[in-house]
Every structure is written in C-alpha cells, then in structure tokens.
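FYI, our numbering numbers position 241 of the sequence shown as 241, with every residue one higher than the one before it.
By construction, these hints were calculated from the structure, which means they are not laboratory data.
Since the structure is predicted, the reported quantities are computational estimates derived from the model, not experimental observations.
We put the CB at the ideal spot given by N, CA and C, even for glycine.
Among these hints, one or two may not hold up.
What the hints assert, rightly or not - Restraint ranges, calculated between C-beta atoms of paired labels, are given here:
hint : residue 1 : residue 2 : range
1    : A106      : E241      : 39 to 47 Å
2    : L58       : D99       : 20 to 28 Å
3    : A106      : P231      : 23 to 31 Å
4    : N193      : Q302      : 44 to 52 Å
5    : K300      : W204      : 47 to 55 Å
6    : E25       : G262      : 33 to 41 Å
7    : E11       : P237      : 45 to 53 Å
8    : D99       : L307      : 55 to 63 Å
9    : P128      : D44       : 35 to 43 Å
10   : N153      : D40       : 25 to 33 Å
11   : E25       : E241      : 19 to 27 Å
Stated by the list, open to error - Cut-off 20 Å, straight-line C-alpha distance, at most; resulting in silico cross-link-like pairs (PhoX-like, lysine-lysine):
hint : residue 1 : residue 2
12   : K108      : K127
13   : K244      : K289
14   : K229      : K173
15   : K229      : K312
16   : K296      : K235
17   : K250      : K312
18   : K103      : K154
19   : K250      : K235
20   : K190      : K154
21   : K312      : K289
22   : K229      : K250
23   : K312      : K38
24   : K190      : K101
25   : K173      : K190
26   : K101      : K154
27   : K229      : K300
28   : K289      : K173
29   : K296      : K229
30   : K17       : K36
31   : K17       : K32
32   : K235      : K289
33   : K244      : K312
34   : K250      : K289
35   : K300      : K289
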Amino acid sequence: MTVGCVAGDEETYEVFKELLDPVIEDRHGGYKPSDKHKTDLNADNLQGGDDLDSAYVLSSRVRTGRSVRGFALPPHCSRGERRAIEGLSIEALDSLSGDLKGKYYALKNMTEEEQQQLIDDHFLFDKPVSPLLLASGMARDWPDARGIWHNDNKTFLVWVNEEDHLRVISMQKGGNMREVFNRFCTGLTKIENLFKQRGHDFMWNEHLGYVLTCPSNLGTGLRAGVHVKLPNMSKHPQFEEVLKRLRLQKRGTGGVDTAAVGGVFDISNADRLGFSEVELVQMVVDGIKLLIEMEKRLEKGQSIDDLMPSQK
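Take the sequences, apply the hints, and build the full model.
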C-alpha cells in the first residue's frame with residue numbers, strides 16, 4: 001500500500017520527521033515517535049505453520065526489503081550508486097551455497113518474452129508503470145543495474161534495485177509456511193552477514209527497524225502471504241470484518257489492484273512495524289487456519305457465527 005510519499009535516503013526519516021511521523025503513525029496503527037521496534041528472525045519461534053490445508057492453500061510466500069547503508073534510496077539513487085549496489089549484491093549472493101546456490105540475471109540481458117514469463121510466474125517485479133515508481137524517479141535509467149537473483153529451484157529470490165535496494169523472497173507451492181519462513185530467515189541472515197563482510201550494513205534503527213523506501217514498509221518490511229481458495233467465505237457479508245479482526249489484508253490473485261480469479265485471494269499480514277517477523281507470520285498462519293475452517297463450514301451450509309474472532 002502506497003502512502004503518497006517516499007524516502008530519498010536513510011536520513012530522510014529524521015530530517016523530515018514532522019511530515020513523516022504522522023504518516024507512520026497513521027499507517028502503522030498509532031505507532032509513536034517514542035516506540036521501539038522488535039526484530040525476531042528465529043524461525044524456531046513460529047508455532048505450527050507446516051500443515052496449512054493444501055486443498056485450499058495453493059502457495060506460500062514471505063518477502064521483505066533491505067537497504068544498503070551508505071547509498072541513497074532508489075528515488076534518489078544515482079546510476080553509479082545503483083551499479084555499485086548491483087555489483088555488491090552479485091558478489092554477496094554468488095557466495096551462497098547448498099539449497100540457496102543460484103545465479104543473477106540482469107534485466108538488460110533478458111528478452112521481452114523472458115521478462116514477461118518471469119512476471120507472469122510471479123517471480124519478477126512488474127515493468128515500471130506504477131505511479132509510485134514513475135513519479136518518484138525510481139524508474140530512472142531503467143533497466144540499467146536491475147535484475148533478479150534466484151536459487152536453482154526458484155524458491156529463494158532476490159530482486160535488485162526496484163523499489164528497494166534488495167527485495168528478498170522465499171516462496172513455494174502448497175501450504176508449508178514453516179518451511180518457507182525457515183528458508184527466508186536462513187537466507188536473509190546469510191545475506192546480511194555477506195554484506196557486512198564487505199563493509200556494508202543494512203539500514204536499521206531501534207525506532208523504525210529496517211529502513212525502506214516506502215514508509216508503509218518500515219519495521220520488518222515483511223509480507224507473509226498465501227494464495228488461498230475461499231469462494232464461499234469471500235461472498236460472506238462478514239469477510240472484510242473477519243480479515244480486519246485477524247489483522248490480515250486481501251489482494252486479488254495477481255496482487256495489488258487485481259481481481260480474484262476462481263475465489264482465490266492473496267491473503268497476508270496488514271502490519272509491518274511494531275510486531276516482530278515471527279509474530280506477523282504467526283498471525284497469518286493462525287488466521288488462514290480459521291478462514292479455511294470457516295470456508296469448510298460454509299461449504300456444508302453451516303453457520304460460522306461461533307467462529308467469529310475477537311479483534312487482535
């Protein structure tokens with residue numbers, strides 16, 4: 001969700017705090033300038049999550065963004081900085097091994113067809129057509145120094161130089177969110193250490209957590225989502241209210257501003273800041289289980305009134 005403003009560098013959030021603090025408070029449920037963010041990337045702290053019903057859950061995905069300290073953020077990034085970030089990223093990511101071993105594909109070396117196929121398969125970011133990218137200057141010099149790195153079986157991906165310096169994504173078919181989150185935490189921690197070894201930290205502070213381009217992504221930057229079949233539940237008059245109480249949000253099958261095809265929705269955590277990564281994934285796991293239980297009841301023509309959650 002865009003909020004009408006973006007940051008040009010790490011200092012923006014401090015220099016323009018009179019403008020940005022109210023935006024952050026409004027977007028992140030009353031998060032105050034004095035509040036402190038918490039980080040938890042230990043996947044062992046997640047309860048359950050390996051048994052979401054695959055008759056309903058088609059795929060599971062966790063993503064976040066990271067910004068490399070010492071460089072301007074994408075709206076203000078020079079071509080030289082962008083190329084330096086790409087070079088650093090390739091060097092670091094090429095050091096990953098085992099299940100995470102993979103390869104970098106520069107956008108400028110891809111054919112139109114290859115790009116479109118990756119976009120259609122939900123592996124690659126869209127072409128820069130959104131007002132967010134165009135109006136903010138993030139699409140300057142496109143496709144120079146942009147690309148995608150992924151492991152051999154395309155379950156761990158890193159986007160380079162789109163809306164954020166890095167977008168790190170773990171994804172796979174089916175409902176094993178625990179496996180997806182475990183790979184996410186392992187890969188992300190390794191990447192952070194590889195950047196540190198090369199003299200570059202990720203932007204982070206104890207108030208805002210991980211600093212990203214869009215104020216809506218501050219904190220964890222994390223979106224844990226599943227594509228789930230809810231043809232009956234989605235027609236129920238209380239669907240929106242249930243999602244709100246579970247602190248979840250829905251998108252169409254193809255992501256933001258798309259329609260749901262065949263009753264399939266992309267359901268994910270609504271929060272980013274003020275909750276840890278584990279807490280957010282837990283909300284998704286618990287919430288999806290309840291939504292599937294409701295869907296099964298509605299299939300049989302039964303009431304779901306006794307399953308209505310209280311506000312989280």
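So, going through the hints one by one against the coordinates:
1. A106 x E241: 39 to 47 Å: Holds, since A106 and E241 (Cβ atoms, about 46 Å apart) stay within the stated range.
2. L58 x D99: 20 to 28 Å: Hint holds: Cβ distance 22 Å, inside 20 to 28 Å.
3. A106 x P231: 23 to 31 Å: violated, 41 Å
4. N193 x Q302: 44 to 52 Å: Holds, since N193 and Q302 (Cβ atoms, about 51 Å apart) stay within the stated range.
5. K300 x W204: 47 to 55 Å: Taking Cβ atoms as reference, K300 and W204 lie about 48 Å apart, which means the hint holds.
6. E25 x G262: 33 to 41 Å: The hinted range 33 to 41 Å holds for E25 and G262, with Cβ atoms some 38 Å apart.
7. E11 x P237: 45 to 53 Å: holds, 47 Å
8. D99 x L307: 55 to 63 Å: Violated, at about 38 Å.
9. P128 x D44: 35 to 43 Å: holds, 39 Å
10. N153 x D40: 25 to 33 Å: holds, 27 Å
11. E25 x E241: 19 to 27 Å: holds, 24 Å
12. K108 x K127: With Cα atoms ~12 Å apart, K108 and K127 stay inside 20 Å; holds.
13. K244 x K289: Measuring from Cα to Cα gives roughly 15 Å; hence the hint holds.
14. K229 x K173: holds, 14 Å
15. K229 x K312: Status violated; Cα separation ~23 Å.
16. K296 x K235: holds, 14 Å
17. K250 x K312: holds, 17 Å
18. K103 x K154: holds, 10 Å
19. K250 x K235: Measuring from Cα to Cα gives roughly 13 Å; hence the hint holds.
20. K190 x K154: holds, 18 Å
21. K312 x K289: holds, 15 Å
22. K229 x K250: Roughly 12 Å between the alpha carbons, so the hint for K229 and K250 holds.
23. K312 x K38: OK: K312 and K38 at ~18 Å, within 20 Å.
24. K190 x K101: Status holds; Cα separation ~12 Å.
25. K173 x K190: violated, 24 Å
26. K101 x K154: holds, 10 Å
27. K229 x K300: Answer holds: K229 to K300 is near 16 Å, not above 20 Å.
28. K289 x K173: holds, 17 Å
29. K296 x K229: Status holds; Cα separation ~11 Å.
30. K17 x K36: It holds: about 16 Å lies between the C-alpha atoms, which stays within 20 Å.
31. K17 x K32: holds, 12 Å
32. K235 x K289: holds, 18 Å
33. K244 x K312: Holds - the C-alpha atoms of K312 and K244 are around 9 Å apart, at most 20 Å.
34. K250 x K289: Holds, because 15 Å separates the two Cα atoms, which is no more than 20 Å.
35. K300 x K289: Cα-Cα ~17 Å, so holds.
Violated hints for the displayed structure, listed by number in ascending order: 3, 8, 15 and 25.
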